[in-house]
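Please put together the full structure from these sequences, using the hints given.
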Amino acid sequence: MLSTASPTGAAGSATATPPPTATPDPPAAVPSAAFDLAARAVEAALAAGARFADARVVDRRHEALTARDGDLRQLSQTTEAGIGVRALVGDGWGFAALADPTGERDARATGERAVAAARASAVVRRPGAGPVELLPVPPQRGGWSSGCARDPFEVPLAEKADLLVGVTHAVRKAGGAVIGVAEALSAAWDTRTAYVSSEGARVGQHVRETGAGMHCLALGEHEVQRRSYPAFRGQYGTRGWELVDELDLPAHAERIGEEAAALLTAPLCPSGETTLVLGGEQMSLQIHESVGHAIELDRILGWEAAYAGTSWLDLSRLGDLRFGSELMNITIDPTIPGALGSFGYDDEGTPAAPRDAVRGGVWTGVLSGRDSAALAGYGHAGSVRADGYGRLPMVRMTNVGLEPGPHSLEEIVAATDDGVLMEHNRSWSIDDKRLDFQFGCEIGWELKGGKRGRMLRNPSYTGTGPVFWNSLDMLAGREPGEWRAWGTPNCGKGQPGQVGHTGHGAAPARFTGVRVGVRG
Amino acid sequence: MSADQQHDTARRLDAVVERVLDEVRRQGGSGAGPVEAVVRADHHRLALTRFAGSGIHQNTEDDRTTVHLRVALDGGRSASVSTTRTTTTALADLVGAALAAARLSPRDAAWPGLAGPAPVPAGAGPDDATAGAGPGERAALVAAFVEAAGGLETAGYAQTTLLTGAVADTAGLHARAASTGAVVDGIARALPAPGLDGTPGPPADASFRADGVGRAAARSLAGLDAAALGARAARRARSQAASAQPLRRGELPVVLEPSAVLDVVAGLLSSTFSGRGLVEGTSGVRLGEQQLDPVLTLLDDPLDPASTALPFDTEGTPASRTELVRDGVPRAVTTDRRTAAALRATRSGLPALPTTAGAHDASDTWGPVAQAPVLSPGGGGSVDDLVAGLEHGLLVCDLWYTRLAEARRSVWTGLTRNGTFLVRDGEVVGPVGVLRFTQSYLEALAPGAVTVGSDAEALPRALTFGAAGTARVVVPPLRLARWNVTGGAAT
Chain A
1 MLSTASPTGA AGSATATPPP TATPDPPAAV PSAAFDLAAR AVEAALAAGA RFADARVVDR
61 RHEALTARDG DLRQLSQTTE AGIGVRALVG DGWGFAALAD PTGERDARAT GERAVAAARA
121 SAVVRRPGAG PVELLPVPPQ RGGWSSGCAR DPFEVPLAEK ADLLVGVTHA VRKAGGAVIG
181 VAEALSAAWD TRTAYVSSEG ARVGQHVRET GAGMHCLALG EHEVQRRSYP AFRGQYGTRG
241 WELVDELDLP AHAERIGEEA AALLTAPLCP SGETTLVLGG EQMSLQIHES VGHAIELDRI
301 LGWEAAYAGT SWLDLSRLGD LRFGSELMNI TIDPTIPGAL GSFGYDDEGT PAAPRDAVRG
361 GVWTGVLSGR DSAALAGYGH AGSVRADGYG RLPMVRMTNV GLEPGPHSLE EIVAATDDGV
421 LMEHNRSWSI DDKRLDFQFG CEIGWELKGG KRGRMLRNPS YTGTGPVFWN SLDMLAGREP
481 GEWRAWGTPN CGKGQPGQVG HTGHGAAPAR FTGVRVGVRG
Chain B
521 MSADQQHDTA RRLDAVVERV LDEVRRQGGS GAGPVEAVVR ADHHRLALTR FAGSGIHQNT
581 EDDRTTVHLR VALDGGRSAS VSTTRTTTTA LADLVGAALA AARLSPRDAA WPGLAGPAPV
641 PAGAGPDDAT AGAGPGERAA LVAAFVEAAG GLETAGYAQT TLLTGAVADT AGLHARAAST
701 GAVVDGIARA LPAPGLDGTP GPPADASFRA DGVGRAAARS LAGLDAAALG ARAARRARSQ
761 AASAQPLRRG ELPVVLEPSA VLDVVAGLLS STFSGRGLVE GTSGVRLGEQ QLDPVLTLLD
821 DPLDPASTAL PFDTEGTPAS RTELVRDGVP RAVTTDRRTA AALRATRSGL PALPTTAGAH
881 DASDTWGPVA QAPVLSPGGG GSVDDLVAGL EHGLLVCDLW YTRLAEARRS VWTGLTRNGT
941 FLVRDGEVVG PVGVLRFTQS YLEALAPGAV TVGSDAEALP RALTFGAAGT ARVVVPPLRL
1001 ARWNVTGGAA T
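Taken in order, these protein sequences are the chains called A and B. Those letters in the first sequence? Residues 1 to 520, by the working numbering. Those letters in the second sequence? Residues 521 to 1011, by the working numbering.
Hints are not guaranteed to be accurate.
Chain A residues, not near chain B, derived (Cβ > 10 Å throughout) [unchecked claim]: (1) A177; (2) T265; (3) R359; (4) D417; (5) K451; (6) R454; (7) M455.
Computed from the model, here is a short list of chain B residues facing chain A with C-beta under 8 Å [said to hold, decoys possible]: (8) N579; (9) V601; (10) V662.
Because the hints were derived from the structure by calculation, they are not lab data. Think of the CB as a built atom: it goes at the ideal place given N, C-alpha and C, for glycine as much as any other residue.
Below is the structure:
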């Protein structure tokens, strides 16, 4: 077996996560007072001159534990609560946010501030711009809650700490004296949102997210090697602590310690053009960076030109542009139970629905919001999200994933005469059009004559998005456990900066003619 | 926010930290031993106006007070909590949660204790006009930038911030200060971005852009010249309206404009000059050795009169001017109390390291980072002067998406952005499009490899991932003897 380790490890007895629940009314976890505050803010914005307004009252708890080298290094708990209001005045948008509003007066004042900002936006209009329009979405009324078997905030802190501290001990013991750092972490979020719009929407959501992971650093004389499980920053989902139980961190602690130590003396990944096989976790980041961001409609329209960048994709080619080989089927699907990018409604009240982004290698869809979709003449919204109450909702990934393929990893390796297998991301970089990328991985293996050979250190590869995706010639996912929805909890975008949670279904895959072993 | 409102905010934050400490004493008094606690209350008004296609499209204001509390029981059973809720009940709940979590924590052998009372320097303080700025002032900055670009498409942002912070601990520390910041950061675009032709691979010039950048950070709005920045961005954009020059991969000399130098400095600060990196063994810094070119001096100077930083860090350690590199010799790393204690314990044979005031975030995710970095200017003259000394090489205006590939050697990979030009015989020949590099920053700055320009610029930079605010970083242009180009459409 290759160590494309299943994050659903040996703890098969872990409790199953119940499915998400959609309800006609908001969940009880979202108090009616939150809707009242949101409604007052929207009313105030309309009274001040807005032609559209919406408000979110968000109450979010977060807990993070980090164990390092046998000690609990960090235990932090945060609560972030407040109101964020969008207002559209004429053709100018404004957004204002206030932490901890104490009553209706605060809510109204925030709505009025949003209007003041929107009026100022009209001072500098895009030359030739038409009126701002919103894609029609029937006002939604209802609720949605993610599935959760073990509430992560009810799991005793001692249980969490014992787990994390224990695995750092095990990693150090297995890796020996060269292990300089052994770290394990867990994180959980509980987010309760009341959304109200001037069109009559009234939606409540209760989302619980949980994740965990571990890594170690082996220190050599001249370099540092890293191994992680199950992913380089952990695995996350819209689930409860049962996700952590399933990961079974202790079962993998010894392996990552040993592999990190072994990497210090492994041969360097060769430089040149070869056949590249990527593990599922690295594939998830490849999808995130070179597909997910590239299909964001705000980037395509130039709204992010100065910072996050634009996209190589040209809207006039939507529907006929070949993005990749026929094995490439990418979906935008916020309805995948338990995936990190799942929800019932996005942050402008559009109900979640699955769509294609790439079908049979042809580009067919984008991530969009109501204003960007209307401007582009695109028929779908539903991908607008915000980092808490205090940030403007913007186009973000939900679950952008690659459908499973017809092969197995074992088959892919057996079919590869000469190549390199790389697993677990270590570094990532891509240009502002999402074309030119370079990734470093933690570990590689030589593939010779259909078999896995020597371990390789410092594996890296580089390429250009559509060239790379067109070279996809084998895709795993046929065998149970090969395809899974990986969670990315640290997707950065926007000014001020926002951190997003996204999901990416992925399985191991093979690409031909890839340049590997890039040296600095 | 008016001066009276600022005063009210400051008094409110003082009251919050005192209330939290009172609550710690009340709730923690029944324990077996003393409770150590440090509490910080920050009020952050962050207002940011974005523009794209030469029009404002996003306009945001966020007003929040956040209370951070760290407690330690029995000399090291610690926990951190924070909240945006500041009612009496919410603060009591905050303290209760912190104590409950700490009681369940195993003892942390590396708990460094509290900062305790110490004189806190005055700092630069806030600029009232910037603190009181509204969306109209930001729109005026945008309008000036757009107009100065002379009809080119523009995009970017204008930002004002007011940060008021109060910090106190059970050992007697109490400090409070405020600061302001203002930023204009934008690009001008001389040509529309080309699309692809639908074939499997992009055409050879698919990565070509004609964007120029103009950016600046200041303590006050009055310190920004948005029109000059717009004009500068447009000048650089127009100079790229030509076919890309061919270039092969490999090492060649380079002139980095200040925006590109900013990225190099930020990268080094986050890894090589991080106390946490030194403690964990991932930093390749060699303190006390001539590791870098003698023309390089790097400071963390939060007490500069033009600084946008507070005069103390998130643990209450008073800010000071710290030489991280003097004449090419690394002298210090950025530390918080934990990393400073760890380094004192493990490096007793080496010269004592100063405990710098690091922007140690509450989650402990990123470790300490500098607050107000300054790379001292040299005698190399202007960017044009540096280019004139280049026989064959590159002029790089900006860097993008740089990521650490090898920690110990500080090897980073990333791309050029907002203008990259081929230079021959001291003259700019033409643009070369976007290039990828994979380069050891430490080796690029090695002795004999660097010429430092004379004109430093103050630029905006978020020094930690996801940071809400931006630091003001002062950097001059550099000429480097070697820069490793590893990819790009024109190669």
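Right, here's what the structure says about each hint:
A177 (chain A), annotated as away from the interface, keeps every beta carbon of chain B farther than 10 Å; the closest lies near 12 Å. With a closest Cβ-Cβ approach of about 16 Å to chain B, T265 (chain A) is found to remain outside the 10 Å limit, as its non-interface label requires. For R359 (chain A), the requirement that its beta carbon stay farther than 10 Å from each beta carbon of chain B is met, with the minimum near 16 Å. Remark: the non-interface label on D417 (chain A) is consistent with the geometry, its nearest Cβ contact in chain B lying 23 Å away (cut-off 10 Å).
K451 (chain A), annotated as away from the interface, keeps every beta carbon of chain B farther than 10 Å; the closest lies near 29 Å. Residue placement check: R454 (chain A) keeps its beta carbon more than 10 Å from all beta carbons of chain B (closest about 20 Å). Against the 10 Å criterion, M455 (chain A) stays outside the reach of chain B, whose nearest CB is about 18 Å from its own CB. Hint status for N579 (chain B) relative to chain A: holds, with the closest Cβ pair at about 4 Å, below 8 Å.
Of the supplied interface hints, the one on V601 (chain B) holds, with its beta-carbon coming within about 5 Å of a beta-carbon of chain A, less than 8 Å. For V662 (chain B), the interface hint holds, the least distance from its beta-carbon to any beta-carbon of chain A being 5 Å, beneath 8 Å.
Of the numbered hints stated above, none is contradicted by the structure.
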